[in-house]
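Model the full assembly from the supplied sequences, consistent with the hints where possible.
In order, the protein sequence lines correspond to chains A and B. Numbering follows our numbering, in which position 145 of the first sequence is assigned residue number 145; successive positions increment by one, without gaps. Numbering follows our numbering, in which position 71 of the second sequence is assigned residue number 71; successive positions increment by one, without gaps.
Simulated from the structure, these hints should not be mistaken for lab results. The C-beta atom is built at its ideal place from N, Cα and C for all residues, glycine as well. Be a bit skeptical, because a hint or two may be false.
As the list claims (entries may be wrong) - Listed next, the stretches of chain A that the computed footprint assigns to chain B, with coverage defined by at least 3 CB atoms under 8 angstroms from CB atoms of chain B:
#: 1; stretch: 92 to 98
#: 2; stretch: 124 to 137
What the hints assert, rightly or not - Cβ-to-Cβ under 10 angstroms is the rule here; a few derived chain A residues that face chain B:
#: 3; residue: G83
#: 4; residue: L114
#: 5; residue: E157
#: 6; residue: I160
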Amino acid sequence: MSEPGKVSAGRLLPLAISARNGGIFMAGLLALIGLVFAWQASLLDFGGFDLPGPGFFPLVLGVVVFAFSILIAVEGFRGEGDGETVELGHRDVLIVLAALAAVAALFEPLGAYLSLGLFGAVLLVVLARVSVPLAIVSACIAMAACWYFFQVLLGLELPIGPF
Amino acid sequence: MTGFDQLVGGFAVALSWKGLLYCFIGCLWGTIVGVLPGLGPLAGMTLLLPLTFGLEPSIGIIMLTGIFYGAMYGGSTTSILVRIPGEAASVVTCIDGYEMAKQGRAGPALMISAVGSFIGGTVSILGLMFIAPPLAKVMIAIGPSVEVVLMLLALSVITLVSAGSRIKTALMVVLGLLLGSIGLDNLTGVARFTFGNTSLAGGLSFTALAIGLFGVSEILINLEKTETIKAITPKLRDLVPRWKDLRDSAPAVARGSIIGFIFGIIPGVSHVVSTFVSYAIEKKFSKHPEEFGKGAIAGVAGPETANNAVTGTAMIPLLALGIPSIPATAILLSALTIHGVQPGPLLLTDHPEVFWSLVASMYIGNIILLILNLPLVGIFVNLLRIPYAWLVPIILIISIIGVYSVNFTAADIWIMVISGAAGYVLRKFGYEMAPLLLALVLGDRLEASFRLALTMSGGNYATFADKASVIVLTSALAILLAVQALAWAFGYRKAIADEAESA
Chain A
1 MSEPGKVSAG
11 RLLPLAISAR
21 NGGIFMAGLL
31 ALIGLVFAWQ
41 ASLLDFGGFD
51 LPGPGFFPLV
61 LGVVVFAFSI
71 LIAVEGFRGE
81 GDGETVELGH
91 RDVLIVLAAL
101 AAVAALFEPL
111 GAYLSLGLFG
121 AVLLVVLARV
131 SVPLAIVSAC
141 IAMAACWYFF
151 QVLLGLELPI
161 GPF
Chain B
1 MTGFDQLVGG
11 FAVALSWKGL
21 LYCFIGCLWG
31 TIVGVLPGLG
41 PLAGMTLLLP
51 LTFGLEPSIG
61 IIMLTGIFYG
71 AMYGGSTTSI
81 LVRIPGEAAS
91 VVTCIDGYEM
101 AKQGRAGPAL
111 MISAVGSFIG
121 GTVSILGLMF
131 IAPPLAKVMI
141 AIGPSVEVVL
151 MLLALSVITL
161 VSAGSRIKTA
171 LMVVLGLLLG
181 SIGLDNLTGV
191 ARFTFGNTSL
201 AGGLSFTALA
211 IGLFGVSEIL
221 INLEKTETIK
231 AITPKLRDLV
241 PRWKDLRDSA
251 PAVARGSIIG
261 FIFGIIPGVS
271 HVVSTFVSYA
281 IEKKFSKHPE
291 EFGKGAIAGV
301 AGPETANNAV
311 TGTAMIPLLA
321 LGIPSIPATA
331 ILLSALTIHG
341 VQPGPLLLTD
351 HPEVFWSLVA
361 SMYIGNIILL
371 ILNLPLVGIF
381 VNLLRIPYAW
391 LVPIILIISI
401 IGVYSVNFTA
411 ADIWIMVISG
421 AAGYVLRKFG
431 YEMAPLLLAL
441 VLGDRLEASF
451 RLALTMSGGN
461 YATFADKASV
471 IVLTSALAIL
481 LAVQALAWAF
491 GYRKAIADEA
501 ESA
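Pasting the structure below:
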């Protein structure tokens with residue numbers, strides 16, 4: 001279990017990328033998003049400049065996203081870079097993202113309480129480093145509290161899965 | 001019915017047992033999320049958004065607004081006692097607040113911060129009360145072309161006042177507008193970018209995106225930090241300030257109220273910017289500028305007052321124009337829309353009870369916060385002793401349930417996860433999330449008004465430069481230039497950069 005008063009510290013995976021190169025890559029990715037939107041928008045009715053159709057706005061915006069991203073990429077490319085790095089791939093970050101994706105996939109098939117209970121227990125074991133029995137007990141208490149608060153008090157009908 | 005009668009009616013709602021209970025819940029939860037690093041007003045409001053679904057709109061909005069200004073109060077507590085800003089607007093309070101705490105003067109710092117917040121908050125509510133109704137009356141008369149001009153102006157201001165790279169902010173604004181176009185076209189009903197997925201027909205869930213971009217990405221970034229939290233907890237009797245403290249902070253509180261009042265109306269990062277500008281102004285006005293950074297009480301009083309003065313005035317563009325100026329008011333806009341109440345010029349005629357009960361509740365909420373924050377400061381600080389690794393699953397579980405319960409579809413959880421991951425990576429590379437969110441919330445209306453204006457004018461673009469538009473543009477440009485000059489003169493960008501460097 002992590003020490004009280006301390007923010008959980010995870011190990012860093014060796015993924016420290018150059019801020020300059022990463023910035024250019026990010027801008028490239030955003031340019032691609034702009035292009036995809038512009039291409040999809042071009043399949044819609046453009047209308048005219050006087051009376052725009054549903055494709056007008058997204059097409060213009062997609063092109064602007066592309067243009068701004070290219071400008072950022074060029075700016076980054078022309079810059080020298082000062083050796084700054086951006087660290088990505090922290091162990092705890094990856095675990096939380098994977099656990100969140102699992103909840104999104106299992107929320108309806110397994111039910112809210114089981115999927116969220118598992119999610120909570122796994123994060124307690126892996127992030128807070130508590131023992132498995134304590135994590136299970138904590139998750140059960142948390143789910144009972146959630147059921148009472150959301151279902152009984154607020155009347156929210158959450159999926160119950162196969163049970 | 002006169003404005004006074006409507007205010008009395010508002011107080012009747014706000015002082016009902018339900019109004020008081022939900023105002024208290026909002027203030028308490030707001031203080032808690034303000035204290036906890038990684039949770040700000042935005043995450044706090046989105047997390048409790050589902051709780052408002054079963055309530056009347058007035059009561060729901062009273063609670064959400066309570067969270068907003070409660071978080072502003074709570075954020076200062078950790079800045080002073082732990083040197084950890086609970087939320088962005090409290091960063092500048094760390095500088096002198098923590099120095100005062102180290103010198104054994106945490107009590108006066110907290111007391112002055114709370115009183116300043118109360119005064120700033122009250123001044124801004126008066127502004128909201130007196131400016132919003134006449135402004136709404138003016139806005140009813142305008143057409144879609146002026147609305148387009150106003151929205152474009154709001155988005156341009158966000159880009160101009162941004163603390164980071166302007167081109168990156170501009171990109172986020174355009175990307176937000178683009179993401180806002182996902183779903184059925186408002187005017188023709190044509191599906192755009194839905195790829196046959198019916199859950200996208202209504203567009204991307206704003207709640208899911210907001211929690212993902214702000215809440216989840218903030219948690220992911222905080223997971224990387226290792227900090228030992230050493231809190232200084234003052235006793236109740238130590239809270240009483242000295243005469244000199246009162247004398248030094250009174251003008252700072254007055255100036256902070258004015259600065260926050262002005263900056264609240266400017267879209268973008270207004271509450272954060274107002275604190276930096278206030279700090280810089282206090283330093284310039286001080287007879288002892290060398291004391292700043294070493295525990296000057298004016299360095300706490302000014303920014304804290306400004307930060308809270310923003311809360312009321314930030315409501316003016318939202319309630320009178322239907323344009324949110326900061327992400328927190330975008331959440332309020334979303335909540336009002338879910339309740340079938342459209343913020344904008346017609347709010348005061350169609351739903352005056354919502355507006356006036358909100359105004360009344362803000363007076364009451366400020367008093368609740370003053371009572372809540374000072375005697376219970378020890379309890380709130382102890383929240384920081386809960387290991388962050390324990391808080392993460394709790395916050396995420398509430399977020400997931402909150403996101404799911406808006407549309408009852410797991411697709412929204414996916415949107416939250418994907419936008420959380422995207423927000424994490426984008427923030428690592430210096431992209432701000434607030435402009436994206438504000439643009440997203442305005443995107444639909446901007447496009448609809450733009451196309452409607454052109455249809456009405458027979459495709460004539462001169463409609464965007466008619467007399468009313470020119471007046472709006474010129475006056476807004478004048479205000480913008482004045483604010484820019486003020487911000488640059490006092491170097492808030494440099495202050496933000498310095499603070500980021502020292503953090």
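Structure-based check of each hint:
1. Restraint check on the stretch 92 to 98 of chain A versus chain B: 4 residues with Cβ-Cβ distances below 8 angstroms, three needed, restraint holds.
2. A count of 4 residues in the stretch 124 to 137 of chain A with a Cβ less than 8 angstroms from any Cβ of chain B is obtained; the coverage claim is therefore met, three being the minimum.
3. With 10 angstroms as the threshold, the beta carbon of G83 of chain A stays out of range of chain B, its nearest partner Cβ sitting at about 16 angstroms, so the hint is violated.
4. The interface hint given for L114 of chain A is violated, since its Cβ lies 13 angstroms from the closest Cβ of chain B, which is over the 10 angstroms cut-off.
5. Given hint, E157 of chain A at the interface with chain B, holds; its Cβ is 8 angstroms from that chain's nearest Cβ, closer than 10 angstroms.
6. For the restraint placing I160 of chain A at the interface with chain B, the shortest Cβ-Cβ distance is roughly 13 angstroms, beyond the 10 angstroms limit, so the hint is violated.
Hints 3, 4 and 6 from the list above are not met by this structure, while the remaining hints are.
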